[in-house]
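Engineer: Chains as they are written, first to last, in the working numbering: chain A, 24 to 665; chain V, 24 to 665.
Incorrect hints may appear among the rest.
Each pair may be met inside one copy or between any two copies, as identical chains are not told apart.
Below 30 Å or equal to it, Euclidean Cα-Cα: the simulated DSS-like pairs (lysine-lysine) are [unchecked claim]:
#1 LYS200 with LYS300
#2 LYS192 with LYS153
#3 LYS500 with LYS400
#4 LYS72 with LYS300
These are calculated hints, taken from the structure and not from any lab test. The model shown is predicted, which means the values in this text are computed figures rather than measured ones.
Number of protein chains: 2
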Amino acid sequence: MYKVTFKFENSEDVEVFAALGENLLEVAKKANVAIDAPCNGNAACGKCKVKLVGGELDSAKTRHITDEEYAQGWRLSCVSKVIADVEVLVPDIASAYRSRMKVADLGSTEELQIFEQTKADIAEAGIGFKNDLEVVAITMDVPSLDDTMPDNERLVWAVEAACGVSRVKLPFAVLKKLAGVLRASSFDVQCIIRRAEDKVEVLDILPAGAEAKVCGLAIDIGTTTVSALIINMLDGSILAKASAGNGQIRYGADVINRIIEQQKEGGRKKLQDAIIKETINPLIHTMCQSAGLNTRQIYRMCVAGNTTMNHLLLGVDADPVRMEPYIPTFFETNSVYANDLGIDIYEHARIIMAPNIGSYVGGDITAGTLASTIWNKEEMSLFIDLGTNGELVFGNAEFMMSCACSAGPAFEGGDISCGMRATDGAIEACKIDKETMEPTFTIVGDEGQKPVGLCGSGIIDVISELFRCGMISPKGKFIREGERIRHDKYGMGSYVLAFKENAASVKDIEITEVDIDNFIRAKGAIFSAIRVMLQSLDFDVSMIDHVYVAGGIGSGINMKNAVSIGMFPDIELEKFSYIGNSSLSGAYTMLYSTEAEAKVAELSHNMTYLELSNEPTYMDEFVACCFIPHTDATLFPSLEMY
Amino acid sequence: MYKVTFKFENSEDVEVFAALGENLLEVAKKANVAIDAPCNGNAACGKCKVKLVGGELDSAKTRHITDEEYAQGWRLSCVSKVIADVEVLVPDIASAYRSRMKVADLGSTEELQIFEQTKADIAEAGIGFKNDLEVVAITMDVPSLDDTMPDNERLVWAVEAACGVSRVKLPFAVLKKLAGVLRASSFDVQCIIRRAEDKVEVLDILPAGAEAKVCGLAIDIGTTTVSALIINMLDGSILAKASAGNGQIRYGADVINRIIEQQKEGGRKKLQDAIIKETINPLIHTMCQSAGLNTRQIYRMCVAGNTTMNHLLLGVDADPVRMEPYIPTFFETNSVYANDLGIDIYEHARIIMAPNIGSYVGGDITAGTLASTIWNKEEMSLFIDLGTNGELVFGNAEFMMSCACSAGPAFEGGDISCGMRATDGAIEACKIDKETMEPTFTIVGDEGQKPVGLCGSGIIDVISELFRCGMISPKGKFIREGERIRHDKYGMGSYVLAFKENAASVKDIEITEVDIDNFIRAKGAIFSAIRVMLQSLDFDVSMIDHVYVAGGIGSGINMKNAVSIGMFPDIELEKFSYIGNSSLSGAYTMLYSTEAEAKVAELSHNMTYLELSNEPTYMDEFVACCFIPHTDATLFPSLEMY
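Start from the sequences and build out the full structure, keeping to the hints where you can.
Structural biologist: This is the structure we're talking about:
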């Protein structure tokens, strides 16, 4: 056995023992050391770099490590074997997440406008914005030797009288603080209550003078990114917002790798800790601090996540999700409370889980479908959520069908060497001059902001422009020469969008053939899914009246370019709308509106699910879509052909 | 500041710093070091001995420490001040408890017979012995690609069909294990359910072949002693039993001292930990081990304790219990579950709290009243529970009145130098020869058992005999000389029941004037309470048709002797019955029988509460009762006068 010492910039060393030849990434996982590994150890993503600072490793050299980096001691942990005592420096994974996605969704004016528009659309569709939480003033007689009713009965009687109900439930959390609050306030209090028909549950009690804040937490748990809002449950206003990388990412970038990981001994607990302790609770604390809230003032939570994320959040075995016949433990559940999961909010807070409808179509899509309002229209609409899984819902007020495909994290900037979320410094739009091959671009942020990386909408533009300028082939390989085009010693081509001198980055911002290939497969997954789902219904793309595009790809998405690379069907551009993070806006709506919560349950019951892997044509379609724009150019009649 | 090091036989040292002159017992409490201190630092009980093994203490010499002990380094911590760095050895408090009370209630044949008789009496009074927990076999179709209902819906449908109900609740604990159990058992399972009208809650799920154990925990939380039973909820049989000292005892022997202690910073948590982590959870583990059970197989719990014990158990502020107008947080509550308190049983187990009816008449008495069955009789009965608090209930099927008095722990052998519970080695009955003053006694346990100490029934006999033989005055002072009668240098007299050569003890077994005084005050509290309560109703002792005596005093109680020392009223001896630990048998019944639970709620609503401290005659009565038998001998006409 050899001693492996993991060193960190901001925390204590972790020492473990490993056998000769053991894989360093596996050693790290066993020791619960967080190393970013989106591809889960397949040497594909190049993210699991560590720096050798003592001892030796038997480490293959790959294209992800430059000669200079190798000389500095950088190694890819997934291709490194333990052969001696060794010390490695592990980059701070939390800051790695932050560097890739910094700012809250809804951070930009555009996103906020889209959110407000979504709310307006849902309201117009007839959903009342109101929930069952209230604050009521309760005044009681002060007890005396002649009036010796105990505190809890005294309060129950007073609440019954004030609310006109016959049953009042006092949970333990209220019982525990009752004596103190009643005496501190001379029996003049406010109760935060939940009202249901003829009964009331008292969620909290505070003195009459105190400021009664009744907050809720809406959270979109994406495979790659987690976005959250804290709202005022009494008026729906947003009090805080934040997003962060999903801490589970070190166990794999996609749901399949995470399910495999949770099957290992102690795996469920690790995955659950990664999302709750490392991601959600820190987000809650950050938001509460910024808004001057106590975490216990959050009395309800709504989660929208895919089926796997929902199972991992609850610590429920997710393996059946991926194993035939693909039967998850639950689609819907209403028996989960904050203290079941250790989420740092009011301990008895109910957790609303947006319902799943299949193994790969989850609560993010049912909540997103609510937000899209396609369920309220006569016209045939296609709702596309561009996440790590791509999901589609097609239909109208009469019927809805859904399906899912695995797109990978490319739309959110994952698996792209200079990829990032649509936040400050992201290149969100790009033009390339066909002659000079010089780019011009639009960058998210204030004027003068230098580029940091490429978000999804920027990647679409760059690929579309590279193709339009004849710089890449339909397969995404560079076919022109130039100052900005270069090839490394493995022959991999890349195009430099910004040299580091002009960028807010320590290296050139470029797009590589690997990036392009990753993105082509992502867009191919989406387009083939659209094709196969419509075919199964005997529909044609021409019958689509409207397309609603959601996800972290960015509000700068250029629909024309997305069509031109074969990502979306070739229909009139005015039929496309970008609706932002529909999972989060759906979760917000379910949290704030009792009617919306019921509506999503109804939608989920009425939505059918198409398992694409059961469709015989899907693989062929996918392969045909892995070109720019497609092997069958007739599908894109409006495109100028080169 | 000086360093104080607490040393232990079986655990690590605890080091803290204390100021010059700080009281050692207070230093220990702050450091959460368990030192037995029933009188809470009033130098009255002599239990808080520690042994000086290094450094110095400024320590008063008291009658509780012999010269020999003092020379060995023994000091009373409550009269010791820190004046230098010091090291003291702390006796193991857990074994101190055990030495005073070793064996489970119901341990003896007599106690078990009494318990069975109680059950029979309650059944005869019309209470059905049945609860709402069941085990049902549930078989589901195995899912397939054509039958993709998720696990939880599949189970809910199957339970609805099997139980003929329209609503099924699956708590989170079941959801979490569902996938594993269903697949391990090919969807052929057993559910442990709770049935209520048209709905069912699934408490647990296990494979079809597994042995389904549905257990319950009945627990009597006495101020001094905690007694518990684990039962089979399906047939009522007792699977395990145990008792232990209440770990809170180091914070004071009576409820007032404990309430004062819980008011200090962090006090509520400390008191709660002392009863749950140090007392109840170890009892549960001991019992489960002896019965071959998993603690998670306990699906329900019933607690009978006095009002203060109930508040401390829940971690609810108990201060209002002792402060005018004496308003506790709750009499009844049904919103407490095992995981709210950290009790090591099934996490969602409901905790039935036997209802309190006043600040000093709690669930132990309402549960005990059920067990006494006085509520089912036309005759006027008096129910007396001889605990650390003495409580009385007087009445019949028409009305019931209750009251409480503070008796101290003497009935359970506490505050008595050689006192112990009625268990192996306890002198439970005694005769003294008037001429020779030689005692003969009956000892609990097998033949040949040597005496260890004196239990409550034995103390009654000894005092009664000492008085009958003219050895003590009506005030309890020794007035004869003899080989077995001696006086220490402070002038305190004592009578040796057994010299250490003839005892299973390291010292002579004796009864001292302090012991007698403690007991006289305990019996005086009881008798004066009886008098004052009857007077308030314009009743006379002659109108009592029956007296039911409960508590840890022991089944050997000699009612004639109890009357002769003025503890009980002078009525016909055949009117007295000893009914054992009625709090525990009541808790057992409430746990096992849903009808009993409802009956106790009904009894508690119909029982009035007399606050003795508001009765102007009580103090005078008490003082008059602190004689043997009483200052007014006419109250005891049947006694031969000496």
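Engineer: Determine for every hint whether it applies to the structure shown.
Structural biologist: Status of each hint after checking the structure:
no., hint, result
1, LYS200 with LYS300, "both (27 Å within a copy, 21 Å between copies)"
2, LYS192 with LYS153, "both (22 Å within a copy, 26 Å between copies)"
3, LYS500 with LYS400, "neither (43 Å within a copy, 98 Å between copies)"
4, LYS72 with LYS300, "within (24 Å within a copy, 46 Å between copies)"
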